[in-house]
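Peer 1: The lines below spell out each chain.
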Amino acid sequence: MGPIFMALLLLAGWGAFAYSASRRWKLLRVGTADNRFDQPGRRIRETFRYGIAQLRMRRYPLAGAAHMVIFLGFGVLLLRSLILWGRGFDESFSFWLFAPEQFLGKAYSFLKDLFAILVIFGALVFVYFRVVRRLGRLTLNAEGLIILGIILAMMVADILYDAATIARASSGPGFILYEPAGSIAAVPLGLLSDATLVFLRHLGFWTHSALVLIFLNLLPYSKHFHIITGVPNVYFQSLQPPGRLPPIEDIEGKLEREETLGIRRIDQFSWKAILDFYTCTECGRCSDHCPATKTGKKLSPKHFTLDLRDFLYRNADALTAGDGNGSVAGGADGREHHKDLVDGVIDPEVLWACTTCRACEEECPVFISYVDKIVDMRRYLVQERSEFPPQLQSAFRGMESNANPWSFSPADRANWADGMGIRTIAENPDAPVLFWVGCMPSFDERAKKITQATARLMQQAGVDFAILGTDEQCTGDPARRAGNEFLYQMFAKANVEVLNGVGADKKTIVTSCPHCFNTLLNEYGDFGGHYRVVHHSTFLSQLIADGKLRPTNPLSKKVVFHDSCYLGRYNDVYDAPRETLAGIPGLTVLEPRQTRDRGMCCGAGGAQMFKEEEPGTQRVNIERTQQLLETNPEVVASACPFCMRMLTDGLAAKGREDIPQLDIAEVLLEAVQVPQSHAGA
Amino acid sequence: MRILTIVKQVPDSNATIKVLAEGKGIDFAGLKLVADPFDEFGIELAVQLREKRSDVSEIVALTLGGEKAGETLRIALAMGADVGVHICDPKLETKDELFNAAVIAEAMKKDAKGFDLILCGKHNIDLDAGAVGPAVAEFLDLPHVGAVTGLDVSADGKHFTARRRIEGAEEVVECDLPALLTIEKGLVEPRYPSLPNLMKAKKKPVTLLTAGDLPGVAEYAETTKFVSISAPPPKPECKFIEGEPPQMAKELVRLLRDEAKVL
Ligand code: SF4
Ligand code: SF4
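Protein chains in written order, with the working numbering: chain D, 1 to 681; chain Z, 1001 to 1263.
Any given hint might turn out to be false.
[Stated by the list, open to error] Only pairs whose alpha carbons sit at most 25 Å apart, straight line, appear in this in silico DSS-like list of lysine-lysine:
1) Z/K1202 x D/K254
2) Z/K1091 x Z/K1024
3) Z/K1185 x Z/K1032
4) Z/K1052 x Z/K1204
5) Z/K1110 x Z/K1204
6) Z/K1068 x Z/K1202
7) D/K254 x D/K493
8) D/K448 x D/K611
9) D/K507 x D/K548
10) Z/K1203 x Z/K1068
11) D/K611 x D/K654
12) Z/K1068 x Z/K1200
13) Z/K1110 x Z/K1203
14) D/K493 x Z/K1202
15) Z/K1068 x D/K493
16) D/K448 x Z/K1235
17) D/K339 x Z/K1200
18) D/K448 x D/K507
19) D/K506 x D/K548
20) D/K493 x Z/K1032
21) Z/K1068 x Z/K1110
22) D/K254 x Z/K1204
23) Z/K1200 x D/K493
24) Z/K1095 x Z/K1018
25) Z/K1200 x D/K254
26) Z/K1235 x D/K449
27) Z/K1018 x Z/K1225
28) Z/K1024 x Z/K1235
29) Z/K1110 x Z/K1095
30) Z/K1068 x Z/K1095
31) Z/K1032 x Z/K1018
32) Z/K1032 x Z/K1068
33) D/K448 x Z/K1239
34) Z/K1239 x D/K449
35) D/K339 x D/K254
36) Z/K1185 x D/K611
37) D/K611 x D/K298
38) Z/K1203 x D/K254
39) Z/K1091 x Z/K1068
Derived by calculation from the structure, the hints in this document are not laboratory data.
Just chain D, with the same shape it has in the complex (with noise of 0.2 Å):
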């Protein structure tokens, strides 16, 4: 069928492609380094589950099971691409094996026909997303309709080619059982004249021949160039803890040498960050669940995204040509592509919106990362700049200077546990429990009360524990999301210091705060403090299994459970709060349409409970605290003492005081209590 013009058109292509593909192969060098090399096993077992598989596109089930289709019509289809293209050159190729005659060709061609009605339902449904549903996650523009139109015409050029084919053999028109979708469609082509047949025949073989080959151009320059780096994106997505920020290594050296500190520049982002930003498909499912996104903020992580991509595709000549180099600080050059991205690129505003409560993380199907990014970006601002929401001053000098970004006088630290019988480390050093109580629970007036319920019950179990009294220092933790990543690292050197000290690495770690067991438990291995730690939910519901606590009091409640960021969705601990309020006789969970680990941030994680939120159109403890509502609860209960403020003044707002707003460890507190033995120590 034209073997010549087959060989141009294969040539230009292929070519135009491999032109494509060399000049993101460059541009994606541009970045720095970064070892996405390790643990293959684990590597290839992930991209089964989410590469292959998908499953993560199942949390949208309809579009998920339109892209399983579309994604193995594909695969099916490829093997049929080529045929068509062997069949340029000799009309009956067929791969051997699969020609019609063979049992595997038939096989081969009923599949191909069932994918190809399948893909095309598919693609209906995304249009019908796009245009009839308009889904706000999507971005209505010419590019994807045209994508989807070339691969609804790629498919229909396929049938026609068999329908013609099939009407005009001898035997006339008739069903041919495997090759269902072309013997259909060739009924009413029965009627056409042999030449108009021969035309049609011709029409279908080179439009679905030329298709593919303008869709695979088309591809580097679009989303769909997913479809090429989505399994490697999930193949390469990192492996560490999803609670563990890389460290910036060496400051002190970094800045005799004057490199950046953070983010500064494009060509500062690593190649897997390059490779997430070729990935993102801008299905949006990030910013649907994104809570600055949700409230109005500026932020919207599938925008930042783009933003980054788009910018770094505009200057892609400039930083290929190979003085890009992103570990040489400079920049101030002028020249576009070495601008700073806080400069007309990323709006400042759209860093300090985030919460880091990872909902964005969680979702994309193509495991592109932001929490990481934006903090990167944020260490740029505040180290090198100096500039952020200028609240943070005061809790960035107040741990400078008092140990706590409250600036509470740390000589009061152990104040909560005064008359408690609570020993300290030094006066109980064989402990084999340290209680490690963290800042807000150490001051704060409302979340001290956690802190004394935690430690009641522990006492009440005879569990044998110590606290580090006036020696506990922050953990940095707010320093680090906020970008002061110095900061952090003066807390975290000090802190292990102090930890190993009394013999930590040998003992049980037990927080009530999600943030400090998120850093003890994540983020001080890479300062040498490797801890057992466990989040007091997780302590306290092993205490009830193991039948050292007894909630037999009654509590007849509904009770709501937030779930933590740092909790659920950075650790993994979902069950162990609800199992902890199961457990107490009478008291039914409830659980509100967003939950577990599409549970909604309550608004103060990532260093936003130290600085106002930015501009928006509601404020995110306010939107949660009415998803919470929505369940119609009589308690609201929470595991984290940030949480817990931020749902308190939900609460306040909407005119809902007469709910109580309690930590698990309150909640079980009451149900275990026996009234009259106040057993202490």
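With the hints as your guide, set chain Z with the ligands onto chain D.
Peer 2: Relative to chain D, chain Z with the ligands alone:
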């Protein structure tokens, strides 16, 4: 225009102050020391003036005290001062304000280039005293405007208009430079020095002066005498009276008469 900012090292406002035995002074061991937040207003103002104007040639930060006081200069230099002057003598830490003002004035006289604007905090948070600024102005025979909340320096750098809050009103003062201004809270918000600036501050020059460099100081004597220092008595515990208003009133009267003995 050359600007001098005077900075004192003081205990952090949230630190717990311990008094030495027999009220001999404050126990500085382990005490967190910072640059006085009011003096930081002066540094910030100086740096902002330079950012806004083209005629600020140099910002000098000056402190006095023992070696440790030098840390305060690093903060000032990281915030944007160009050079530091450290009158290094631990004995000065226990001298009274007039004496130290005289020392500062002497040190300034040694500076050949002279200063057009001298800035410091309205008062220092350690002893809540605010005499150093005005006294330096007196010793140098310069005009002084205290507790400034607004400042406008003329384009030629020769005059200024300052606003200051006074009891129930705002006073507007016009004056020529050179002059000494003490700064009230609210005029500027001190910046958080960036890390590269903290690094650069380590390389900025600091001139060390000792008593020997300031012969004129010998003429001054202290005008106050330190007797002793004591911690404020602990707050007595609050008592809550509960019950119905009539009983509560009765109980209150009883407590005031029998326990507090004020009736
Ligand atoms: S971490 Fe949370 S707040 Fe930040 S971009 Fe993702 S979803 Fe939005
Ligand atoms: S980042 Fe991920 S979730 Fe967000 S739009 Fe892109 S592909 Fe979708």
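Peer 1: Would you mind marking each hint as holding or not holding in the structure?
Peer 2: Now for the hints, and whether the structure bears them out:
no. : hint              : result
1   : Z/K1202 x D/K254  : holds (15 Å)
2   : Z/K1091 x Z/K1024 : holds (15 Å)
3   : Z/K1185 x Z/K1032 : holds (22 Å)
4   : Z/K1052 x Z/K1204 : holds (22 Å)
5   : Z/K1110 x Z/K1204 : holds (20 Å)
6   : Z/K1068 x Z/K1202 : holds (15 Å)
7   : D/K254 x D/K493   : holds (18 Å)
8   : D/K448 x D/K611   : holds (22 Å)
9   : D/K507 x D/K548   : holds (19 Å)
10  : Z/K1203 x Z/K1068 : holds (17 Å)
11  : D/K611 x D/K654   : holds (22 Å)
12  : Z/K1068 x Z/K1200 : holds (19 Å)
13  : Z/K1110 x Z/K1203 : holds (23 Å)
14  : D/K493 x Z/K1202  : holds (23 Å)
15  : Z/K1068 x D/K493  : holds (24 Å)
16  : D/K448 x Z/K1235  : holds (22 Å)
17  : D/K339 x Z/K1200  : holds (23 Å)
18  : D/K448 x D/K507   : holds (24 Å)
19  : D/K506 x D/K548   : holds (22 Å)
20  : D/K493 x Z/K1032  : holds (19 Å)
21  : Z/K1068 x Z/K1110 : holds (23 Å)
22  : D/K254 x Z/K1204  : holds (19 Å)
23  : Z/K1200 x D/K493  : holds (24 Å)
24  : Z/K1095 x Z/K1018 : holds (20 Å)
25  : Z/K1200 x D/K254  : holds (13 Å)
26  : Z/K1235 x D/K449  : holds (23 Å)
27  : Z/K1018 x Z/K1225 : holds (21 Å)
28  : Z/K1024 x Z/K1235 : holds (23 Å)
29  : Z/K1110 x Z/K1095 : holds (21 Å)
30  : Z/K1068 x Z/K1095 : holds (17 Å)
31  : Z/K1032 x Z/K1018 : holds (12 Å)
32  : Z/K1032 x Z/K1068 : holds (11 Å)
33  : D/K448 x Z/K1239  : holds (22 Å)
34  : Z/K1239 x D/K449  : holds (21 Å)
35  : D/K339 x D/K254   : holds (20 Å)
36  : Z/K1185 x D/K611  : holds (21 Å)
37  : D/K611 x D/K298   : holds (16 Å)
38  : Z/K1203 x D/K254  : holds (16 Å)
39  : Z/K1091 x Z/K1068 : holds (13 Å)
Every hint, counting from the list given before, is met by this structure.
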